[in-house]
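Go by the hints and put chain L onto chain R.
Chains R and L are the protein sequences, given in the same order. Going by our numbering, 202 is the number at position 202 of the first sequence; the sequence numbering is gapless. Going by our numbering, 334 is the number at position 334 of the second sequence; the sequence numbering is gapless.
All clues stand as given, with none of them false.
Since the list gives no way to pick one copy over another, a pair counts as held whenever it fits inside one copy or between any two copies.
Cut-off 30 Å, straight-line C-alpha distance, at most; resulting in silico cross-link-like pairs (DSS-like, lysine-lysine):
| # | residue 1 | residue 2 |
| --- | --- | --- |
| 1 | Lys269 | Lys191 |
| 2 | Lys291 | Lys148 |
| 3 | Lys272 | Lys183 |
| 4 | Lys191 | Lys272 |
| 5 | Lys191 | Lys301 |
| 6 | Lys225 | Lys301 |
| 7 | Lys183 | Lys291 |
| 8 | Lys301 | Lys254 |
| 9 | Lys148 | Lys301 |
| 10 | Lys148 | Lys254 |
| 11 | Lys339 | Lys225 |
Worth flagging that the hints you see were computed from the coordinates, not collected in a lab.
There are 2 protein chains.
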Amino acid sequence: MGSRRLRIAVVGATGLVGGEIVSQILRSRIDVGDLLLFSSDRSSGHLAWLGKGHQEVRPFRLEDLCGCDICFLAVGDDFSKEYAHRITSLGITVIDNSSAFRMDPNVPLVVPEVNPEDLAWHRGLIANPNCSTIQMVVALAPLHRRWKARKVVVATYQAVSGAGGQAVGELAEQAQAILEGRKAASGSLPKQIGFNLFPHIGDFDSEGWSTEESKMLNETRKILKDNEIVVVPTAVRVPVFRGHSEAIYVEFEKPIDLGTAREDLSRAKGVKLMDDQRQTIYPTPVECANKGDVFVGRLRKIPGCPNAISMWVVADNLLKGAALNAVEIAELLCADARK
Amino acid sequence: MGSRRLRIAVVGATGLVGGEIVSQILRSRIDVGDLLLFSSDRSSGHLAWLGKGHQEVRPFRLEDLCGCDICFLAVGDDFSKEYAHRITSLGITVIDNSSAFRMDPNVPLVVPEVNPEDLAWHRGLIANPNCSTIQMVVALAPLHRRWKARKVVVATYQAVSGAGGQAVGELAEQAQAILEGRKAASGSLPKQIGFNLFPHIGDFDSEGWSTEESKMLNETRKILKDNEIVVVPTAVRVPVFRGHSEAIYVEFEKPIDLGTAREDLSRAKGVKLMDDQRQTIYPTPVECANKGDVFVGRLRKIPGCPNAISMWVVADNLLKGAALNAVEIAELLCADARK
Numbered sequence: 001m002g003s004r005r006l007r008i009a010v011v012g013a014t015g016l017v018g019g020e021i022v023s024q025i026l027r028s029r030i031d032v033g034d035l036l037l038f039s040s041d042r043s044s045g046h047l048a049w050l051g052k053g054h055q056e057v058r059p060f061r062l063e064d065l066c067g068c069d070i071c072f073l074a075v076g077d078d079f080s081k082e083y084a085h086r087i088t089s090l091g092i093t094v095i096d097n098s099s100a101f102r103m104d105p106n107v108p109l110v111v112p113e114v115n116p117e118d119l120a121w122h123r124g125l126i127a128n129p130n131c132s133t134i135q136m137v138v139a140l141a142p143l144h145r146r147w148k149a150r151k152v153v154v155a156t157y158q159a160v161s162g163a164g165g166q167a168v169g170e171l172a173e174q175a176q177a178i179l180e181g182r183k184a185a186s187g188s189l190p191k192q193i194g195f196n197l198f199p200h201i202g203d204f205d206s207e208g209w210s211t212e213e214s215k216m217l218n219e220t221r222k223i224l225k226d227n228e229i230v231v232v233p234t235a236v237r238v239p240v241f242r243g244h245s246e247a248i249y250v251e252f253e254k255p256i257d258l259g260t261a262r263e264d265l266s267r268a269k270g271v272k273l274m275d276d277q278r279q280t281i282y283p284t285p286v287e288c289a290n291k292g293d294v295f296v297g298r299l300r301k302i303p304g305c306p307n308a309i310s311m312w313v314v315a316d317n318l319l320k321g322a323a324l325n326a327v328e329i330a331e332l333l334c335a336d337a338r339k
Numbered sequence: 001m002g003s004r005r006l007r008i009a010v011v012g013a014t015g016l017v018g019g020e021i022v023s024q025i026l027r028s029r030i031d032v033g034d035l036l037l038f039s040s041d042r043s044s045g046h047l048a049w050l051g052k053g054h055q056e057v058r059p060f061r062l063e064d065l066c067g068c069d070i071c072f073l074a075v076g077d078d079f080s081k082e083y084a085h086r087i088t089s090l091g092i093t094v095i096d097n098s099s100a101f102r103m104d105p106n107v108p109l110v111v112p113e114v115n116p117e118d119l120a121w122h123r124g125l126i127a128n129p130n131c132s133t134i135q136m137v138v139a140l141a142p143l144h145r146r147w148k149a150r151k152v153v154v155a156t157y158q159a160v161s162g163a164g165g166q167a168v169g170e171l172a173e174q175a176q177a178i179l180e181g182r183k184a185a186s187g188s189l190p191k192q193i194g195f196n197l198f199p200h201i202g203d204f205d206s207e208g209w210s211t212e213e214s215k216m217l218n219e220t221r222k223i224l225k226d227n228e229i230v231v232v233p234t235a236v237r238v239p240v241f242r243g244h245s246e247a248i249y250v251e252f253e254k255p256i257d258l259g260t261a262r263e264d265l266s267r268a269k270g271v272k273l274m275d276d277q278r279q280t281i282y283p284t285p286v287e288c289a290n291k292g293d294v295f296v297g298r299l300r301k302i303p304g305c306p307n308a309i310s311m312w313v314v315a316d317n318l319l320k321g322a323a324l325n326a327v328e329i330a331e332l333l334c335a336d337a338r339k
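Isolated chain R (complex conformation) (with noise of 0.2 Å):
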């Protein structure tokens, strides 16, 4: 990746996360080439709309990225664990949107604002990490850097997107049937979404946690490189179309100051201080849908607990939550090259 201008293929480009990818290479300064666009099913012969024109996403095929230089995979687990390595094979790097290769060690797991070092040692494969965690970590790096955090306890409001696009429609068709006084069908969702929620994404392993919940754990102590780290996570379905809010209560090593955490946060690359209860200013979904920081609010120290802070966190679920970090993740290796 010297200074010509960059083949890059997105696979999955007609789902919810692939198509905002899509987005947002056009919005970055990525010195895009071509754009190769590729469905892992049955979506193929769709048409994406790419700004200056319209554009097939064929389904994927090896041989059809001979000549890439990056390619986002926002697909399935299997598919990655499949493609990913045959993709890199063939001197591609890939950045995987799955959950596939997060905690893999040869796998650097990337949040831009947060652990950028890590992409020095990557061998072609990057994971860009979940949702909740990647909103999670930028909040909590500025104030973890300077007053070390040892337990995080943290309850997930997320959005309906993030079990795709199924899952929205599900949503509105579920809303509207109980509006209009019928029953709500059932669909992909485990429960009821429609003016209902549940503490259920993912599958539960045999100590009652949720796979959401696991990589909330996990993948902080992966980026923030602290295996002592305790993250305590509720991850909750809501009936909202856009927007991951959580709930973070943290514990650090020393006393906190509540000023100098405003300060940090405030300065912090990719956070968005929202924060004047006296002014009803605190983020929420649908005021940071579309938008790519992660936005901050309720900031505060409880009495009796020196050490201890309370934040509401909320950030788009498909921009800084997948498509834009993986999009940052592209940015950042561009620039490296051109060093």
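Below, chain L without anything else, positioned relative to chain R:
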């Protein structure tokens, strides 16, 4: 209140909670002679359905309470402050659902499953706790008795019915507008609630805590008679009509055993364990609406934290969170009187 049939008044009978109080009285073991329904305001003249027929809701007049045994107040703080003591001075026992007297040291704050003994020292006025507090302490008390809870971190998912009938209409109207591609009109709630949520229930104090959050700390301490317990809440309004949910993390003084915790909870009065993740069994608001219990699920231990536990607690905010708890207080008063 000996063995004769009781004369009972409900003030605020046209509100969501007042209406449920009437229903719960009629389903209770209270031997009701007369049931007088009052509104505190302009909504008088409405008819309330009482099972055996309709009854008019009259505008409140203090003198109309003469001869009553129990008066339920399901009205705002201001009304309760103005009238509660004037009603008790007529020899009538007041059960007040407002927050006006909850922290008054002369007024017991009672959850029948948790601190029935506090009814013994009432002086005519008994306070019904906050909805979010009630369901939390019902789930917490059995564990607290055995292991002594020291710190509780709780994030709430609170239904709009907790904000009254107008907020219920607001959610329905905003959701309908958004489904039709229109803009959601703003209403009485601080931010859009249709397909959105916000961490703002009540007003904010100078330290950044909302009144709902302060209630959860202060009322829990009073009910459990433990001023050392730390409660760190984030109170959030969600686009759900009925049923509050809570993600609760608790640290105890001693290591906790999950099997014993399950046993204690399954035996606890007013608690229903819904906890079998293999069968997708955990409580959600729509499953718990119109039911009287506090439902507990997703009980799990925290690796590396032997003294801690996480759980998911759901209850109908209008029933156990308000009307049912108030009527259970009255039942207990009547049972004590019969002894």
